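So the sequences go chain by chain: S and R.
So the first sequence is numbered by our numbering: it starts at 1007 and just counts up by one.
So the second sequence is numbered by our numbering: it starts at 16 and just counts up by one.
Calculated directly from the structure, the hints in this document are not laboratory data.
Heads up, some of the hints might be wrong.
Said to hold, decoys possible - With a straight-line Cα cutoff of 20 Å, these simulated DMTMM-like cross-link-like pairs (lysine to aspartate or glutamate) come out: (1) S:Lys1036 - S:Glu1661; (2) S:Lys1443 - R:Asp221; (3) R:Lys213 - S:Asp1444; (4) S:Lys1036 - S:Asp1664; (5) R:Lys528 - R:Glu466; (6) S:Lys1340 - R:Asp19; (7) R:Lys522 - R:Glu468; (8) S:Lys1443 - R:Asp216; (9) S:Lys1340 - R:Asp319; (10) R:Lys390 - S:Asp1132; (11) S:Lys1340 - R:Glu239; (12) S:Lys1443 - R:Asp336; (13) S:Lys1340 - R:Glu245; (14) R:Lys528 - S:Glu1136; (15) S:Lys1340 - R:Asp281; (16) R:Lys73 - S:Asp1313; (17) R:Lys73 - R:Asp62; (18) R:Lys563 - R:Glu543; (19) S:Lys1443 - R:Glu466; (20) R:Lys395 - S:Glu1661; (21) R:Lys213 - S:Asp1441; (22) R:Lys395 - S:Glu1136.
Small disclaimer: the values here were computed from a predicted structure and weren't measured.
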Amino acid sequence: MSRILGVDVGGTFTDVFLLDEATGTAQVAKVPTTRPDQSAGFLAGINSQIENLSTLSVVVHGTTAGTNALLERKGAKTGVITTQGFRDVLEMRRRDRPRTWGLRGDFLPVVPRNLRLEVPERTLADGTREQPVDLDAVRAAARGLLAEGCTSVAVLFVNAYANSANEAAAVQAVREIWSNPHVSASAEILPEIREFERFSTTALNAYLQPEVAGYLDRLETALTSGGFSGSFMIVQSNGGIMDVATACARPVRTALSGPAAGVIAAAYIATEAGFPNVITGDVGGTSFDVSLVANGQSVLSPQTSIDFGMVIRQPMIEIATIGAGGGSIAWVDKGGLLNIGPESAGSDPGPVAYGRGNTQPTVTDANIVLGRIDPENPIGALDRLDVEAARAAIDTHIGVPLTLDTLQAAEAILRVANSRMAGAIRLVSIERGFDPKDFAFMPFGGGGALHAGAMLADVGLARAIVPRYPGVTSALGCVIADMRQDFIQTLNVLLDTLDTAALGQVMQDHATQGHAILDAADTTFEGRETAFELDMAYLGQTHTVAVPIKVQFAQDRVEPPSIAQIVQAFDTAYTAAYGRLLPNGTRRVLNLRSAVIGRRPKFDLTTLAPPNATLARAQRGQRPVHFGDRWHETQIFARLDLPVGTEITGPAILEQPDTTILIDPGLTGRVDRFGNVIIERSKGAT
Amino acid sequence: MSIDPITLAVLSGRMEQIADEMDATLFRAAFNPIIAEAHDASHGIYDATTGDTLVQGKSGLPIFVGVMAFAVKAVIDKAAADGDLADGDIYIFNDAHIGGTHLSDMRLIRPYFRDGRLFCYLASVGHWHDVGGAVPGNYNPAATEAFQEAFILPPVKLVRAGVLQQDIVDILLRNTRLPQSAQGDLNGQLGALDLGVKRLDALLDDYGPKTVSGALQALGTRAEALMRAEIQALPNGRWEAKDFLDNDGITDQALPIHVALEVTNDRLRLDFTGTAPVTAGPVNIALPTAVATAYVAIKHIFPDLPANAGVMRPIEVHIPDGSLLSAEFPAPVGGYTETILRMIDVIFAAMAKATPERVVANAYGTINALSIAGKRANGKPWVMFSFYGGGHGGSAESDGLNHGNAPISTATIPPAEILEAAYPIKFTQWALRPDSAGPGTNRGGLGATYEIEVLEQSAEAFLFGERGRHAPQGIADGGPAALNRFRYEQTDGWHEPPLASKMRGIKLTQGQKVRLETPGGGGYGPAEARPATTVAHDVMLGYITPDKADADYGPAWRKVVS
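Next up, chain R with everything else stripped away, as it sits in the complex:
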């Protein structure tokens, strides 16, 4: 049925609010900081037959907007095969090869019935603190099979027609190092789904299922029309871009990620032919993740587009078989964040060749999952696990943001004081990193330097990062940012990992430090066009050293009288 545009505007707001409230419910109730503080979770409403994303909360992790449709589709297929879908069921799974992202993301999917008929699906996904596997926190840079990353749960019914299956819960809790945290997160996700059902009930009471489903269809059509209008405004043509992952964590060999971006009237094609084949180490991603990543990149380029699957209808994403972007079970996918960040970088780089002003230069491009673990004097184990920030790219409007979060995430970093209070460590530096920004008319934002000293007898460090060999790139003739750099102290001085930004089992003793220096963002526009007064100001603030300013911008800034 057709919906008048005013009712559509009202319903669109009401439905977004339902997803937002589900987000808020989980963030408040979750036990683990990755959900509660870093908001590594998402909620939405999905199509009853295709699983397409209809509405998604605004505060959840961007990558989930596209990827959750695959998770819902996996449940739709499973229910169709079993033929036993019932009102009050809730499915749960973490299998990344069918649901995307990585095994830490636990997906709960609930069919929503109205008047005895399936109306849509509600879903909740959240990053659990620990799901078994070889490494606490599940960032295992040396994994060669998914089995070494975490325990794997295919879609199963956690709740049957309203009855919680305690045996499933028991299996889950026995397979994590942090059962209390897992139980807390599970309760939070169940609570979010309950709330979604309640709110959807009220909405359907107010408007009736016909109007609401009409509105959901219309929102998809509208999103598609918006996307087509944006693409139509681009020039027709084909542009290519290539960048590299440092290595797969096992063999030190660069891995190309290649894209050809083709605009034909109101259609867009992203072809990743030329990308490296599947790797032994965990920088692979599954096909759903790759498609969802294309969506994230597109939405960053066109930020006003709604979070709705209709946006993807005019876009074809071609992922070649056998590439590391379409890894099949049980290839390891734990480091998926690094690979999708590089996919976004190349899509930005290719789009910049078509329309530079629409695009921002590359951000720092690695999440730097660093964990430091050990035992306290009283024998109690501790694990400090966090992601670290870097600079954003310059744009046509301004310099890049200093010390931002990754484009795939909205996560904030815990305060140093919270980490120091919780773990036997001390930050000796928590600072911006001079000379880390890519030069440009509008330069990149600065990365950061974090230096951490161990205060207990001994500890062990693990790092999963990237951009140690290939720097974030500028666009529109802007320059590259500094490389990621990690060093660790031993009795004979400072060392760097043989694989640059990936290493496990680094033994540290009391007083020894690790030092992580993250990349800035790439520059926008030619460095020659940056005014000398602005360069001089950057030197005065210490964002850039005089020598680096000479090298990047020439000596003109020295003539500026401050």
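With the rest of the complex left out, here is chain S:
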């Protein structure tokens, strides 16, 4: 009864990772993702591994259902009930624009203006209820929205972060007459100052709720009818997991569910391998996604924009994206400069070599022309690749305008693409104050391992780690992710006047709620952790620093920190961020952030190491591959058949069903005891 299943549904494939804790064995599988209803692929993936679902104790799911619904604008017909005078907050945003230059483009909010209704009520910034909410007006608004066919509603009151009484009363009235559970309240979702960010997060939650809750409900029903009686969990954007009931009430937390699970897995694999500082790089069809893990911990950002004007303010694993993926198109601009992206051929029609109608050369085409991808055995459903078409496209669009031959042009495409990827890696590390030279690079997804050597050269990273199953990293992350609940409460007071007893009470409430959710979960925890942070700044400053506050618990009761302790913690954090303190500055406390974490048991990654492998069995002959200015006869290996301890000197190519690993000349690949391939500079090489 201790089998754990991770399922990650991506755009193209649904990945399954099954861990049997008793025997310490793991199985992986990849099945096609089904659209529009992903639940069919989800169940097909599970059934490919397991006959009897009653043998499973936990199923953890990383999902893109929410992300896709947002990007494709396929959420529910949603209504808004809001404070008189503020119906347009969602549409007015923070008075920004899509692009700095050009002034083009408009914005359609997910809730159109006619479905945003105002009711008389007002709370002031200090929490005073200036005008009680008119509940008859609220009921009339709710009935009006139901009559319009809304299946979801968000209640968004100004200053509800300071006092939610009016909003809560309205929500109760709405819930009494609303025809389903899809009622979202701004102070329940995000009791934090800044109305646009709070309203946007809450409205997007409402927009997703019918879709995501319906999807999860179908999955849960199918699991149950298949005999599953364990707990069903969903990965959140913060990299922690939540139970399915929480996910149905807070679907906005799943916006980056899939990618977050991948980063969690990367952090664990790299730390176990002895490299707790790692930068992950996922090369997809249209983008390169980068995330930083420092000392085993992934970095959380407080908010993100899914698209222009679609702001979600929830802690999310920070993932930086640039438009330079395998399908990104290479082109020469009018000034004669070679560019990569942002236009992309994606995976359909895909690169020129796929033969599906695209004639613009892509990064993948360059890799194919240079022999780095085997045209006879491509990843995915194609039988072979059209190398000649790729060569012709590179000639026409890059070689001729830049007077380069085909191979020089293909190398040039990779150089510029690699340089852009390297720039993204530098930026995520430098922005956080880290030196990228202290980090390893972990490619995952299908295309990343072709570019690992270039990242070492361009950024000066010491090594790359290619996990044993780069294509199912997110599914593995599902299996090991901790359970985590984040809470926030705006305080907005000067530190001198902070009521520490009241602060302690809010801390206590957060801790109690969080631990109750852990208690209710039908899963085991190795340990629990409750962490508190205050967002603080000097009076007059608008950007806050996160100040970790160490709190003592006496018999599960929070002992509030003293003002002096907070002063000391602030000064330490501020000095680390800005170098120097401000003499005579007045300290201000904006928000309390709390996280309650249940540590789930990890598994021994050596169970993934290859059994009974031999070098002889892994050899697959050789083929010419182009590096720099000439062809190199290059050895080819079946990666999964390489035994632990193998060292392979570049140039070499390691192939496996879901990825191709390139070991450039001057680099050496080594199979570590977990089955990871560690790529480093060869001894004596510069």
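Guided by the hints, dock chain R onto chain S, whose structure is given.
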């Protein structure tokens, strides 16, 4: 030396990143929200002899891209005259007549040396919260001399060969109402320059100064080639456009801004002859600002062009002497934002006559600097100062954006909840403004209505705005947007300022309100061509009232069955 195009592409990205990181450093460290939230700042790398912009950060304020070259040139001239430029020097100044924009913008300029030789300049500019003068926040609509706007600092050495000159800092801090904010911003700008030096060191270590300077030259040549190709694609000819500023804040007389745009093969000339002469009030701008503004307009029309001075080589900007676009010291320039917005409007309008599909109709065209100040019951003073948004113009692709920021800026507006928490005021409305969009096949975006009630005993309001008399225009037969409208409440009811959108010292008591209704954007294309179903949809959403829809588009929409 010649650089291969691939190395050039790589170096171009690395150098842009240096400027971007300098931006990020200041935004994070700055004390005042105008820099930290509104990003009214900029960083870049500039040519060692001409001061030309070589690379500029992507997140800073657009207007600075062109104007900073003048600031750097001012320092180059000063250093040449003094003959004492040294490694580790940093100059500081705010003099707008030689450096452009207005006195609130504090410029720090640092020569960058490599192997004992001057290689380039790094610069940081940021809008400080207060630099003295008659009005807190420095938007003084009644100023007649720069001296009434702020204290004026010519280029001086803030740092000599690595040693901070504390006496200069002391002078700065004694001349601002907010010394703590000024100190915080100054530290942030110094930090950004330090970071730029570190990053440039690493880049030159990697590639060598010869390759990098070769690349910088090549990027300029490339930018010029790109611009010439864009101009060459335009028809040859001459097109004129005229628009007006409401008044100068002192005399209620309209001030024409006129441009003649002339395309000859791969060259473009912008001639502002016919523009009003220098004014007594603060809607003048200095020559560097005018030239930089032409650049902003051009870059909006051709958004893919790089932020590099090479772009301006094929463009001649003619500003007549004595006009309000070439004001000389000490003519007041505090309201420069309004004037440059109008310059952009007329350049767009003239270009639209040559190639309408390349251009967007006029945006709302005023920043509406509104400040409300007073004393709390406990005697502590407060000043709420912000800029307000409006609609963007329609374009060939789509309707204009509702409630956007000004074309010269990328600033966001603070949330109402942040303002209500910080100041004794309450927003009674924060909404889109129906009927504010200019009609068109693709209409303009909507402006906004902000209504603010004073919660303390008394307060005083100041407004510096425009477009109260002359509305944002449409292009390609699109119609104009609504006028800017400001009203304030007194015991005998609502009033409007005699000068429409400019007024100082409006006395308010508890419970009284001010109401600012901002323009939308102009329309694109004839209104008759807008489908009736789309008009009906706008009516259904309340973007436009039925009567206004009839007037703008005719009654056909009423036949649409929803």
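A quick look at each hint next to the structure:
Simply put, S:Lys1036 and S:Glu1661 have alpha-carbon atoms about 17 Å apart, close enough for the 20 Å limit, and the pair holds. A distance of roughly 14 Å separates the Cα atoms of S:Lys1443 and R:Asp221; the hinted pair therefore holds under the 20 Å criterion. For the hint linking R:Lys213 to S:Asp1444, the alpha-carbon distance of about 18 Å falls within 20 Å, and the restraint holds. This hinted pair checks out: S:Lys1036 and S:Asp1664 have alpha carbons roughly 9 Å apart, not beyond 20 Å.
Using a Cα cut-off of 20 Å, the hinted pair R:Lys528 and R:Glu466 holds, with the two alpha carbons roughly 7 Å apart. Between the alpha carbons of S:Lys1340 and R:Asp19 the distance comes to roughly 16 Å, so the proposed pair stays at or under 20 Å and holds. About 13 Å separates the Cα atoms of R:Lys522 and R:Glu468, which keeps this hinted pair within 20 Å; it holds. Of the pairs offered as hints, the one joining S:Lys1443 and R:Asp216 holds, with about 17 Å between alpha carbons and a cut-off of 20 Å not exceeded.
Of the pairs offered as hints, the one joining S:Lys1340 and R:Asp319 holds, with about 10 Å between alpha carbons and a cut-off of 20 Å not exceeded. Among the hinted pairs, R:Lys390 with S:Asp1132 is consistent with the structure: their alpha-carbon atoms are about 18 Å apart, no more than 20 Å. A threshold of 20 Å between alpha carbons decides the hint, and for S:Lys1340 with R:Glu239 the separation of about 11 Å falls inside it, so the pair holds. Using a Cα cut-off of 20 Å, the hinted pair S:Lys1443 and R:Asp336 is violated, with the two alpha carbons roughly 56 Å apart.
With a C-alpha separation of about 9 Å, the suggested pairing of S:Lys1340 with R:Glu245 holds against the 20 Å cut-off. Distance restraint check for R:Lys528 and S:Glu1136: the Cα-Cα separation of roughly 17 Å lies within the 20 Å cut-off, and the hinted pair is therefore satisfied. Between the alpha carbons of S:Lys1340 and R:Asp281 the distance comes to roughly 14 Å, so the proposed pair stays at or under 20 Å and holds. Taking the CA atoms of R:Lys73 and S:Asp1313, the gap is near 19 Å; set against the 20 Å cutoff, the hint holds.
For the hint linking R:Lys73 to R:Asp62, the alpha-carbon distance of about 18 Å falls within 20 Å, and the restraint holds. Distance check on the hinted pair: R:Lys563 and R:Glu543 sit about 14 Å apart at the alpha-carbon level, within 20 Å; holds. Distance check on the hinted pair: S:Lys1443 and R:Glu466 sit about 53 Å apart at the alpha-carbon level, beyond 20 Å; violated. Taking the CA atoms of R:Lys395 and S:Glu1661, the gap is near 71 Å; set against the 20 Å cutoff, the hint is violated.
With a C-alpha separation of about 13 Å, the suggested pairing of R:Lys213 with S:Asp1441 holds against the 20 Å cut-off. Between R:Lys395 and S:Glu1136 the CA atoms are separated by roughly 24 Å; this puts the pair beyond 20 Å, and the hint is violated.
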